[in-house]
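Undergrad: One line per chain: the protein sequences are A and B, in this order.
For the first sequence, counting from 1, position 734 maps to 734 in this note's numbering; every step adds exactly one.
For the second sequence, counting from 1, position 144 maps to 144 in this note's numbering; every step adds exactly one.
Note that these hints are calculated values from the structure, not bench results.
The C-beta atom is built at its ideal place from N, Cα and C for all residues, glycine as well.
Fair warning: there could be bad hints in the mix.
As the list claims (entries may be wrong) - Below, simulated DMTMM-like cross-link-like pairs (lysine to aspartate or glutamate); rule was C-alpha separation at most 25 Å, straight line: (1) A/K168 <-> A/E119; (2) A/K311 <-> A/E326; (3) A/K663 <-> B/E88; (4) A/K715 <-> B/D32; (5) B/K96 <-> A/E326; (6) B/K96 <-> A/D582; (7) B/K96 <-> A/D726; (8) A/K123 <-> A/E326; (9) A/K30 <-> B/D124; (10) A/K284 <-> B/E127; (11) B/K92 <-> A/D172; (12) A/K792 <-> A/D36; (13) A/K663 <-> B/D32.
As the list claims (entries may be wrong) - Selected chain B positions facing chain A (Cβ under 10 Å, derived; list incomplete): (14) T37; (15) F66; (16) C137.
To be verified - Listed below are several chain B residues computed to face chain A (Cβ distance under 10 Å; list not exhaustive): (17) C48; (18) G72; (19) R73.
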Amino acid sequence: MDAIVKSRADDSLIGKRIPKMDAPEKASGKTRYIQDINIPGQLYAKILRSTEAHAKILSIDTSAAKALRGVHAVITAADVPWQRPIGVAKDHLPLKRDRVRSPRDEIAAVAADSEDIAEAALKLIKVKYERLPTVKNVEDALKAGAPILHDEDLAWTRPDGKTEVLHKRSGDNVAMTFDYAQGDVAQGEADSDVVIEDVFWLHYVTHCCLGVSGVIAEFDAGDNLLLYSNTQVPFLHKREFAEQLGIDPGRIRIIQPPIGGGFGSKLDIYPFEPIAIFLAKATKRPVKLIFTREEEFVASPTRQPVLLKLKSGCRKDGTLTFRTVETLHDNGAYTSWGATTPFVMMQTFSSLYRVANCDYRTRAIYTNNPYAGSFRGYGNLQATFAVEAHMDKLAEAIGMDSLEFRLKNAQHQGETTPQGMQFKSCGFQECLRTAAARSDYQAKQRSNREKWHDKNPIKRGAGIASMLHVGGGAKIYPSDGCGTILKIDDFAHVTLITGASEIGQGSETVLSQLVCEELGLPLSVVTVVNNDTDITPWDVGVHASRTTFIAGNSAIGAARKAKTKIFAAAAEKFERAADSLDLHGGFVIDKNTGDKIIELGKLIRSLHFSDKADLVMTSFYYEPPSAHQDRNFKGDVSAAYAWATQVAEIEIDTQTGIVRLLKVTGAHDVGRVLNRLGIEGQIEGGIVMGQGYALTENLIVEDNVVRNPNFRDYKLVTAPEIPDMDISFIETMDGEGPQGAKGVGEAPAICVAAAVANAIYNATGVRIYALPFTPENVYRALHGQSKAPIWKPLT
Amino acid sequence: MSATVDITFKLNGVERRVAVAAQMSALDMLRDQIGLTGTKYACGEGECGACTIRVDGLTVNSCLMFAVDCDGRDVVTIEGLVTSPIGEALRKSFTKNGAVQCGFCTPGLMVQASHLLEQHPHADRSEIQRGIEGNLCRCTGYKKIVDAIVDAEINAA
Numbered sequence: 001m002d003a004i005v006k007s008r009a010d011d012s013l014i015g016k017r018i019p020k021m022d023a024p025e026k027a028s029g030k031t032r033y034i035q036d037i038n039i040p041g042q043l044y045a046k047i048l049r050s051t052e053a054h055a056k057i058l059s060i061d062t063s064a065a066k067a068l069r070g071v072h073a074v075i076t077a078a079d080v081p082w083q084r085p086i087g088v089a090k091d092h093l094p095l096k097r098d099r100v101r102s103p104r105d106e107i108a109a110v111a112a113d114s115e116d117i118a119e120a121a122l123k124l125i126k127v128k129y130e131r132l133p134t135v136k137n138v139e140d141a142l143k144a145g146a147p148i149l150h151d152e153d154l155a156w157t158r159p160d161g162k163t164e165v166l167h168k169r170s171g172d173n174v175a176m177t178f179d180y181a182q183g184d185v186a187q188g189e190a191d192s193d194v195v196i197e198d199v200f201w202l203h204y205v206t207h208c209c210l211g212v213s214g215v216i217a218e219f220d221a222g223d224n225l226l227l228y229s230n231t232q233v234p235f236l237h238k239r240e241f242a243e244q245l246g247i248d249p250g251r252i253r254i255i256q257p258p259i260g261g262g263f264g265s266k267l268d269i270y271p272f273e274p275i276a277i278f279l280a281k282a283t284k285r286p287v288k289l290i291f292t293r294e295e296e297f298v299a300s301p302t303r304q305p306v307l308l309k310l311k312s313g314c315r316k317d318g319t320l321t322f323r324t325v326e327t328l329h330d331n332g333a334y335t336s337w338g339a340t341t342p343f344v345m346m347q348t349f350s351s352l353y354r355v356a357n358c359d360y361r362t363r364a365i366y367t368n369n370p371y372a373g374s375f376r377g378y379g380n381l382q383a384t385f386a387v388e389a390h391m392d393k394l395a396e397a398i399g400m401d402s403l404e405f406r407l408k409n410a411q412h413q414g415e416t417t418p419q420g421m422q423f424k425s426c427g428f429q430e431c432l433r434t435a436a437a438r439s440d441y442q443a444k445q446r447s448n449r450e451k452w453h454d455k456n457p458i459k460r461g462a463g464i465a466s467m468l469h470v471g472g473g474a475k476i477y478p479s480d481g482c483g484t485i486l487k488i489d490d491f492a493h494v495t496l497i498t499g500a501s502e503i504g505q506g507s508e509t510v511l512s513q514l515v516c517e518e519l520g521l522p523l524s525v526v527t528v529v530n531n532d533t534d535i536t537p538w539d540v541g542v543h544a545s546r547t548t549f550i551a552g553n554s555a556i557g558a559a560r561k562a563k564t565k566i567f568a569a570a571a572e573k574f575e576r577a578a579d580s581l582d583l584h585g586g587f588v589i590d591k592n593t594g595d596k597i598i599e600l601g602k603l604i605r606s607l608h609f610s611d612k613a614d615l616v617m618t619s620f621y622y623e624p625p626s627a628h629q630d631r632n633f634k635g636d637v638s639a640a641y642a643w644a645t646q647v648a649e650i651e652i653d654t655q656t657g658i659v660r661l662l663k664v665t666g667a668h669d670v671g672r673v674l675n676r677l678g679i680e681g682q683i684e685g686g687i688v689m690g691q692g693y694a695l696t697e698n699l700i701v702e703d704n705v706v707r708n709p710n711f712r713d714y715k716l717v718t719a720p721e722i723p724d725m726d727i728s729f730i731e732t733m734d735g736e737g738p739q740g741a742k743g744v745g746e747a748p749a750i751c752v753a754a755a756v757a758n759a760i761y762n763a764t765g766v767r768i769y770a771l772p773f774t775p776e777n778v779y780r781a782l783h784g785q786s787k788a789p790i791w792k793p794l795t
Numbered sequence: 001m002s003a004t005v006d007i008t009f010k011l012n013g014v015e016r017r018v019a020v021a022a023q024m025s026a027l028d029m030l031r032d033q034i035g036l037t038g039t040k041y042a043c044g045e046g047e048c049g050a051c052t053i054r055v056d057g058l059t060v061n062s063c064l065m066f067a068v069d070c071d072g073r074d075v076v077t078i079e080g081l082v083t084s085p086i087g088e089a090l091r092k093s094f095t096k097n098g099a100v101q102c103g104f105c106t107p108g109l110m111v112q113a114s115h116l117l118e119q120h121p122h123a124d125r126s127e128i129q130r131g132i133e134g135n136l137c138r139c140t141g142y143k144k145i146v147d148a149i150v151d152a153e154i155n156a157a
């Protein structure tokens, strides 16, 4: 009997290296992304964007464009008087009415027989502007007398003809404010032996999904909308588009073709989507709109640039006493998710390390710059950069080893933080110890420091940083749940219908593993349906590293219900107790002996083709046991939290400022490894994305204009530059996680820049407070030619 | 509309005759005119490698090549590559080694890798890294792509 039990465990799919189910198709060039889909009769759309950063639109003359052969529609705001403001704050019209606030702003759009004709038509549209003074950065935005970007109410005309103001005018440029407090920072400061204060500048970067943005919109004869979309939040989008069109959301179907990269860029509704819908409505034809790469750089969202002031203190024994944080987020001209990243940032300040007293304040500020969206890590790269710089500086100030200082303050399992987060599983201490031991961090730190004043201009550094991030969903929306429908057909083939979206991260494979693990079936019998809102049950979307945890628990729930049904049928048929049965290798078996009782397909057929016919179809909806934050931003927003420590080792040429990332040693508390191949891929990809943020990527915005909207001047990391990566998984077996797993998608990108900054200090004795660490910036810092970021807002 | 030019070339082993616009890129011809969508547009200026094809054995960014310049040449795209032994080996090794996430860069990388393996059948990891430096990937961090090419190299040997 032992042998049988053992062989069943050996068949487990959990923790194995499982290739992605969609990989063979993708590696044959057969996968059809939105760019590859063409609908018979479709028209091609292009958008005319503003040439001004801030201006009144005096007139738009589309007559010549309309007259061009092959043009089917040219629309401006005047053609869609019913258009509704979009976005997080509803401060943004898809087609701008009488004012532009950013050089990306949409003024007109064309649908034509070809992209070339649409492009030619754009050139024939004449726009007259009256320039307005611009706001170039957050400091300018807060000065007395600064131009106010949203000084007019933004209203729309509802389907019932009434006018409704969705965004109220403001007397200043503050788009959103977040204030959070725990304890008493004044007392904390008074209790401190050491207090430090610094200002940090975190720069613009953008997602650079290889697949550019795109959408295809089509109305059927009954005016129902079919949208082919790359969105990460199809069910939220249905509602938004329904509001936009004044129709019942049930009349909108969204199909998500395989997505060429997401990383958070597809979490909001963007103007190009309603614009394609307007054109489809105007022409009664399918309309396809695909960005160019330049457009992707200019008009897709950015990571939010942040000016951050941090004051921290500790006692001589290494106890953290307080933190005071103030940030200014450059929101750009309109409010998207970038403004709400403080939800995540304040958690890092309040709860990554134990600190009794913490004040946090963010103001997201309107400027005429590109607007900031959500991007893998969601503010946590910026917050961690500042926190971990101060962990190093405080340790040094009290003469304590930087690892010991962190271990003293790092969270343990079972703690509830002042912000209300409950760490039911927490491998943070082990992450710290593992990453430090495997990289020989402490010895390298000591020996690198001894070489600060050596003559050799090439120096080495080791730096450490850690992170805390949601790992069990994030209760931001009314529900954080996901539904699953499971169908087991009469050949014991499983169709897994899930609300969860696949954006390359491998969710379809992990969800199939979890279902097969419950049902004792091989992966080869599963088909996943995950891309059609008319079929799939509701899900809030792919964000917040939530899919494995939330959709995984949902899939397991549906599989368990199917199992119960199968056991009940087998128990009745074979006169056995249902709890004596198990499923293995496609058979119903005796749980104790392992003996086969009946082939699963045969049992299901006997249910299906009988006088009391029954199908094995089940559904399950999983809502995680987490809570919304209260008005003071306190609450246990995630059912589990993920932890990680990374040690970065660098080589720096002090004569050129070139920093090479040699090695990243990561220890990640992932709860449990479900698919080893997939999770390694997530972590490696995240580390290299973090490397780009630290060293190479920089979206240059000057005078409100993106100056480097291409891959030549916006430098992504390439294959020869990647570091060695040594990844350890800390398996804390989270009690609520699917098979013990927690979310991991965002975690690996979060620590890299912070660890590299600490490594540069360890190599040179120079601390740099502004990203990115490009050769020029580093050279200037090393040679005393750069200014530290300054906090000079006037209000 | 602009003038078209008749060209004849070998595409994935089959002789093709196509009338193409004079200013059309090889990428647009393949995707829009012939309907082979495995070759991807991701930048349009030769910086990302997603549109890599083989032309007379060499690898070319098809977004930078005029369609008319395909005249008389031997062109292989991802669709043709995967029917060859080396393409089959790459498809399997990319799958097995987790080299595919969103997959948008994958066809271009496989075409580039096929050339690399032919030219340098014993390339080491750092040579492979340099050999694919013209191909951008935003998901994987490249390590598993290098693993896959090493694996295909062993299997092809």
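Undergrad: Now tell me if each hint is right for this structure.
TA: Outcome of the hint check:
no.: 1; hint: A/K168 <-> A/E119; verdict: 36 Å, violated
no.: 2; hint: A/K311 <-> A/E326; verdict: 9 Å, holds
no.: 3; hint: A/K663 <-> B/E88; verdict: 33 Å, violated
no.: 4; hint: A/K715 <-> B/D32; verdict: 29 Å, violated
no.: 5; hint: B/K96 <-> A/E326; verdict: 47 Å, violated
no.: 6; hint: B/K96 <-> A/D582; verdict: 31 Å, violated
no.: 7; hint: B/K96 <-> A/D726; verdict: 20 Å, holds
no.: 8; hint: A/K123 <-> A/E326; verdict: 45 Å, violated
no.: 9; hint: A/K30 <-> B/D124; verdict: 30 Å, violated
no.: 10; hint: A/K284 <-> B/E127; verdict: 53 Å, violated
no.: 11; hint: B/K92 <-> A/D172; verdict: 58 Å, violated
no.: 12; hint: A/K792 <-> A/D36; verdict: 49 Å, violated
no.: 13; hint: A/K663 <-> B/D32; verdict: 43 Å, violated
no.: 14; hint: T37; verdict: 4 Å, holds
no.: 15; hint: F66; verdict: 15 Å, violated
no.: 16; hint: C137; verdict: 7 Å, holds
no.: 17; hint: C48; verdict: 5 Å, holds
no.: 18; hint: G72; verdict: 24 Å, violated
no.: 19; hint: R73; verdict: 20 Å, violated
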